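*Asks:* Sequence:
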Amino acid sequence: VVSLTRGITAPELRKYSTYKISPNIGLELALKTSFKIEIYADLVYNMIIYNYSYFWNSAFASITEFSIGSRFIAGSSEYSGFLQLGAGMYNYYVRPASYSYGSEKLLTGLNAGAGILISVFNDFDLTILSRIHIINADNKSPERYINTSGGLRYKFNIL
1 VVSLTRGITA
11 PELRKYSTYK
21 ISPNIGLELA
31 LKTSFKIEIY
41 ADLVYNMIIY
51 NYSYFWNSAF
61 ASITEFSIGS
71 RFIAGSSEYS
81 GFLQLGAGMY
91 NYYVRPASYS
101 YGSEKLLTGL
111 NAGAGILISV
121 FNDFDLTILS
131 RIHIINADNK
141 SPERYINTSG
151 GLRYKFNIL
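For the record, in the sequence shown the residue sitting at position 154 is 154 according to my numbering, with numbers rising by one throughout.
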């Protein structure tokens, strides 16, 4: 299964005064191990938009996530719901206002989510997924964000 997704990323509630809801884009590869279980790997780019217009003009931040995990599917072949658990690496990049260069941190984290699959053709599904991410942030309290995305899945047989 190959999926291309597009969606939004929301900061945790205590950070809404600093960051806005921002766009994301992702690519996922999944392998069905049984009728009800998939193993997935995904790469998602989350843009971070600052709440203040003068920051938006000059500062930039992003989180690029690479996750692997399991998805547990329930439902019919036309409409299905799923739960998933994953772990990953998170590359946090920030370039402060008035700087020509930025800094990066590679962090680890966990994510959990739920979604739905809607069959539209024999080989294509629409997918909607929402996940919460909890990132270990340098021995401080963990950073959290939620991303919600929708996209198109193409199912193909390897053998």
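I should point out that these hints are in silico values taken from the structure, not numbers from a laboratory.
Note that this is a predicted model, so its numbers are computed, not measured.
Be aware that one or more of the hints could be misleading.
[To be verified] DSBU-like cross-link-like pairs, simulated, lysine-lysine; straight-line CA separation at most 35 angstroms:
#: 1; residue 1: K155; residue 2: K32
#: 2; residue 1: K32; residue 2: K105
#: 3; residue 1: K105; residue 2: K20
#: 4; residue 1: K36; residue 2: K155
*Asks:* Could you run down the list of hints and mark each one as holding or not?
*Replies:* Each hint tested on the structure:
| no. | hint | in the structure |
| --- | --- | --- |
| 1 | K155 / K32 | holds, 10 angstroms |
| 2 | K32 / K105 | holds, 33 angstroms |
| 3 | K105 / K20 | holds, 21 angstroms |
| 4 | K36 / K155 | holds, 15 angstroms |
Against the hints set out earlier in the document, no violation occurs for any number.
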